[in-house]
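**Student:** Spelled out, the chains give:
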Amino acid sequence: MRKYVNYLVLLLLCIGLASARVLAQNGPILTGTDAPADADCGITLSGKVTDHEDRSPLIGATVVLEGTPHTSITDANGHYHFHDLCPGTYRLVVSYIGYNPERLEKSVRSPEVINFRLHPDALQLHSVEVRIAKQREQIPQATGHLNGQELRQTHGQSLAQSLERMTGVTSIQTGPSIAKPVIHGMHSSRVLVMNNGVRHEAQQWGSEHAPEIDPFVASELTVVKGAAGVRYGADAIGGVILVEPKPLRDSAGTSAELNLVGVSHNRQGVVSGMVESNPAGIPSLSWRLQGTLKKAGNSKTPDYYLANTGYQEQNFSAAAGWTRQKFGVDAFFSRFDTKLGVFSASHVGNLTDIRNALQRERPEPEAAFTYDIGVPYQNVTHDLMRLHGFYRTGPASRLLFTYARQYNQREEYDAHGDQSTPGLRFEITTHSSEAVWEHPLIWNLKGSIGATYQYQFNRYEGRFFVPFYQSHTGGLFWIENWEKGKWHVEAGLRYDYRYLQAKLFRKDTPERTGQSELDNELLTPTHRFQNLSGTLGAIYHFGPHLDLNLNASTAWRSPTTSELYSNGIHHGTGTYEYGNANLGVERAYNFMATLAYVQNKRLNGEISVYHNYIDNYIYQEPDTVPTLTIRGAFLTARQKQTNATFTGMDVSASYQLTDHLLFATKASLVRAYNRSADEYLIWIPTDRYENSLRYSVERLGAQGVFAQNFLQISGLAVPRQRHIPDNYLARDYAMPPAGYFLLNAEAGTTLQLGKHQIEVGLIGRNLLNTAYRDYLNRFRYYADEIGRSITLRVSIPLNF
Amino acid sequence: MKLFLKPSLAFLFTASVFMTSCSNDEDPIPTNEEELITTLQLTMVPQGGGATVTATYRDLDGDGGQAPTVTGATLAANKTYDVTVKVMDESKNPAEDITEEVEEEGDEHQFFYVVSNGLNLSVAYNDTDSNNRPVGIHTRAITTSASTGNLQVILKHQPNSKSATSTINTGETDAEVSFLITIQ
Chain Z
262 MRKYVNYLVL
272 LLLCIGLASA
282 RVLAQNGPIL
292 TGTDAPADAD
302 CGITLSGKVT
312 DHEDRSPLIG
322 ATVVLEGTPH
332 TSITDANGHY
342 HFHDLCPGTY
352 RLVVSYIGYN
362 PERLEKSVRS
372 PEVINFRLHP
382 DALQLHSVEV
392 RIAKQREQIP
402 QATGHLNGQE
412 LRQTHGQSLA
422 QSLERMTGVT
432 SIQTGPSIAK
442 PVIHGMHSSR
452 VLVMNNGVRH
462 EAQQWGSEHA
472 PEIDPFVASE
482 LTVVKGAAGV
492 RYGADAIGGV
502 ILVEPKPLRD
512 SAGTSAELNL
522 VGVSHNRQGV
532 VSGMVESNPA
542 GIPSLSWRLQ
552 GTLKKAGNSK
562 TPDYYLANTG
572 YQEQNFSAAA
582 GWTRQKFGVD
592 AFFSRFDTKL
602 GVFSASHVGN
612 LTDIRNALQR
622 ERPEPEAAFT
632 YDIGVPYQNV
642 THDLMRLHGF
652 YRTGPASRLL
662 FTYARQYNQR
672 EEYDAHGDQS
682 TPGLRFEITT
692 HSSEAVWEHP
702 LIWNLKGSIG
712 ATYQYQFNRY
722 EGRFFVPFYQ
732 SHTGGLFWIE
742 NWEKGKWHVE
752 AGLRYDYRYL
762 QAKLFRKDTP
772 ERTGQSELDN
782 ELLTPTHRFQ
792 NLSGTLGAIY
802 HFGPHLDLNL
812 NASTAWRSPT
822 TSELYSNGIH
832 HGTGTYEYGN
842 ANLGVERAYN
852 FMATLAYVQN
862 KRLNGEISVY
872 HNYIDNYIYQ
882 EPDTVPTLTI
892 RGAFLTARQK
902 QTNATFTGMD
912 VSASYQLTDH
922 LLFATKASLV
932 RAYNRSADEY
942 LIWIPTDRYE
952 NSLRYSVERL
962 GAQGVFAQNF
972 LQISGLAVPR
982 QRHIPDNYLA
992 RDYAMPPAGY
1002 FLLNAEAGTT
1012 LQLGKHQIEV
1022 GLIGRNLLNT
1032 AYRDYLNRFR
1042 YYADEIGRSI
1052 TLRVSIPLNF
Chain L
2 MKLFLKPSLA
12 FLFTASVFMT
22 SCSNDEDPIP
32 TNEEELITTL
42 QLTMVPQGGG
52 ATVTATYRDL
62 DGDGGQAPTV
72 TGATLAANKT
82 YDVTVKVMDE
92 SKNPAEDITE
102 EVEEEGDEHQ
112 FFYVVSNGLN
122 LSVAYNDTDS
132 NNRPVGIHTR
142 AITTSASTGN
152 LQVILKHQPN
162 SKSATSTINT
172 GETDAEVSFL
182 ITIQ
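These protein sequence lines are chains Z and L, in that order. Under this note's numbering, think of the first position of the first sequence as 262, with each following residue one higher. Under this note's numbering, think of the first position of the second sequence as 2, with each following residue one higher.
Same shape as in the complex, but just chain Z (with noise of 0.2 Å):
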């Protein structure tokens, strides 16, 4: 019943909206730029423009149409779009930096496809990051981007919780302050973060530690979608997320941003600001300072506030590039750093605990608000350097060059004994060096090949949870693209080696004795696995507006040392987790396919559906024996390795009801497979669906002082998760949680004070406070997801 009282609320909110858009239309507020043209005059003109030399298509490009107020710029594949033109004669004009444009003058009588190819410009060759960014897209798996306004919205929420913005991605939380990416029902070790180009390596191997990484750094957030081993690495089974940096400054000058942003439910505040210079006495030279400050208190849910739920934050980064025209080098440094409360309901120990926790209407201790941050909690610092460097090796080929050196740090002070010391402290120090060469057009092939190295060391004092270990990996690959006409083709294969060896003492395993000089004894168990990626995939381009995207790919995962070697009681969840030192590789097959229809005026859409199989995937097994303990019984799991399948789908559409209102709808699905069990596998994300309705306004107000003006309505249904085994309880203390229905509204505008654009946005989330569970909630046992949260955000450029 509740639902449909929820649904009915979203159907007046509409209907209230529609009548808000047609007194505004009657109006005189709005200036008529865009106003529809004459029924007789529905011509289309469209086209794609690219690279002359390397035919890549030119993101961003501008084309007008001279002496007429349009103007299109050039999406993600370089196609440009005029809709509703009556006939007539119109001069065209493409222009790119970097590049010398082109004009034409054209006859137009009914729709027409120009293509452009654009001669790049001598003089203008060092705006070299241009190009970069230019031949980033183009691949033939699913990817969603997320940049511009749509993530600064975002702002004031984690990484993952900005990325669920996309289809197919939701996110594996540890209550409220820990968010774990999910990718096609993949997460953790499964899902590559490459943050600023370089391989994101931390504990990723438990679901409760979220990528240590800034979202403010950020300019363009990509989810690679699906198997995508050759260039970033063995691993990325389930995806790629990468976290982009806006490139250095390439034009005289200095500027500054500073964001702030306001969250009502746990009154979190954010302060970021960020002062980049290309100094106009050294060209050569461009430099970025980036910093963030965040601190949050106990988060609130409908009905009460969760203890101990606070977090701070204290980030920076700091660039710095030399770019000539034949070579570049630059330098980049970023330290987040992070305190985290562990929610105090959570704290749990054996079985019945966890059972008592099940039966309590609200958790306990009952908490108010507070910032203050109490035991347990935990400390994660992360430090990324890197270098980077490229030689053009001609027009279109350049060699490129990066050494990195991550140091993690996570210290987990615990609610007994001695307060002053961590009961655990982990350090992890990764090495990485990778060599790429982007060779010249040869056989209308454009590739790359290149070799990765990478040495990692992980130290931990305190209780034991994962040995010490080293790990030594080194991969070679090479990607081909090949394109010609409607086909764009891209093949690729790499090659992996990882040697691994594990320090640990018996006492840490479960050959245990009892005696201690047997115990005492350091064990060094190697691993060596070596294995092959490959990846072949096809674009077919029926026109400007539609795209088939055909990929299919293999790659390999080794077991990670926690999934090897830990042993111990994993606290919170009331489980001993034994590691299986048996464990081989697992290797998926992924198929995807992928149909854009894209840049229509009114309809626009994707559908992608895939099917992914995995050999010998690696999970978690509760064991029907609990292990006991001088604490009483703990759920007893292990490691184990079946065949398992991940199939699914994911939906995005749009329809442009009128000049102002635009209709878009979202599905995601996936359904995961034990093969060999004959069963679905557990914690795999439910399905998502997402409709919403925005009203948009380009210019309001005298001189049109509000730009890109917005409100935004969406509903979010995610049902009851029904695909799971036969004999649930066996394996999970609580069923699926029932399904849930949240409102969520958005609004922004762009204030022009003078020179200066502020960008002001307000997000509304869960606004019936609709108390839920989510099922990928590791909590989800002891309390409810957030109530109704505002956010205020404020982006304010400087020019100076």
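What the hints contain is simulated information worked out from the structure, not anything from laboratory work. Computed from a prediction, not measured in an experiment: that's the story for all the values here. Any given hint might turn out to be false.
Unchecked claim - Straight line, CA to CA, 16 Å or less: simulated EDC-like cross-link-like pairs of lysine to aspartate or glutamate:
id	chain 1	residue 1	chain 2	residue 2
1	L	K93	L	E104
2	Z	K764	Z	E688
3	Z	K764	L	E27
4	L	K87	L	D98
5	Z	K764	L	D28
6	L	K87	L	E102
7	Z	K901	Z	E882
8	Z	K555	Z	D633
9	L	K93	Z	D780
10	L	K93	Z	E778
11	L	K87	L	E106
12	Z	K600	Z	D780
13	Z	K764	L	D26
14	L	K93	L	D62
15	L	K87	L	E104
Given chain Z's structure and the hints, the job is docking chain L onto it.
**Tutor:** Below, chain L alone, put in the same frame as chain Z:
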């Protein structure tokens, strides 16, 4: 090759090869720092004289590994016993008495005693913390007629939640053991 003569490039390449190829041979150091309860022992002294009786749960290698050893107790019928519970870490040498820590933090710990159906035994608290709430390190056990059953001893950690309304279901379990008791 002219390419590799470029100083900046050569520097980068050398640096990356050099810095990546270092390896670390550090070994872990065996520690016994973590707080571990290996042993829970009940000492029962009969009032008015008689032999002292003990019941012990001992798991020297901690969780997992070797199975624990559990020794129950035989009590005399219709008698009152002064009972003291002791929790220890016997994996260390000398053994560490954790009961002292529980006593110090008495306002956030409590022992609970659960008698199974059919066992004619009752247990009453005989100590208090700084807030006048029972701790349960010292108790009084009264037996009646001959019977057999289990006595469960549970130590709860109840930081900020031990109160007049807190129960056996409040807080986190630090110890939970069961002894076979025979009254004859």
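**Student:** Hint by hint, note whether the structure agrees.
**Tutor:** Okay, the hints, checked on the actual structure:
In summary, the hint linking L:K93 to L:E104 is not supported, as the alpha carbons are separated by about 20 Å, beyond the 16 Å threshold. Simply put, Z:K764 and Z:E688 have alpha-carbon atoms about 15 Å apart, close enough for the 16 Å limit, and the pair holds. Distance restraint check for Z:K764 and L:E27: the Cα-Cα separation of roughly 9 Å lies within the 16 Å cut-off, and the hinted pair is therefore satisfied. For the proposed pair L:K87 and L:D98, the alpha carbon gap of about 7 Å is at most 16 Å, so the pair holds.
Between the alpha carbons of Z:K764 and L:D28 the distance comes to roughly 7 Å, so the proposed pair stays at or under 16 Å and holds. Distance restraint check for L:K87 and L:E102: the Cα-Cα separation of roughly 11 Å lies within the 16 Å cut-off, and the hinted pair is therefore satisfied. The suggested pairing of Z:K901 with Z:E882 holds, with an alpha-carbon distance near 7 Å, which does not exceed 16 Å. Using a Cα cut-off of 16 Å, the hinted pair Z:K555 and Z:D633 holds, with the two alpha carbons roughly 14 Å apart.
In summary, the hint linking L:K93 to Z:D780 is supported, as the alpha carbons are separated by about 13 Å, within the 16 Å threshold. Note on L:K93 and Z:E778: the hinted pairing holds, with a Cα-Cα distance of about 13 Å set against a maximum of 16 Å. With a CA separation close to 15 Å, the supplied pair L:K87 and L:E106 stays within the 16 Å bound. Simply put, Z:K600 and Z:D780 have alpha-carbon atoms about 35 Å apart, too far for the 16 Å limit, and the pair is violated.
Taking the CA atoms of Z:K764 and L:D26, the gap is near 10 Å; set against the 16 Å cutoff, the hint holds. Among the hinted pairs, L:K93 with L:D62 is consistent with the structure: their alpha-carbon atoms are about 11 Å apart, no more than 16 Å. Straight-line distance between C-alpha atoms of L:K87 and L:E104 comes to about 11 Å, which keeps the hinted pair within the 16 Å bound.
Against the hints set out earlier in the document, violations occur for numbers 1, 12.
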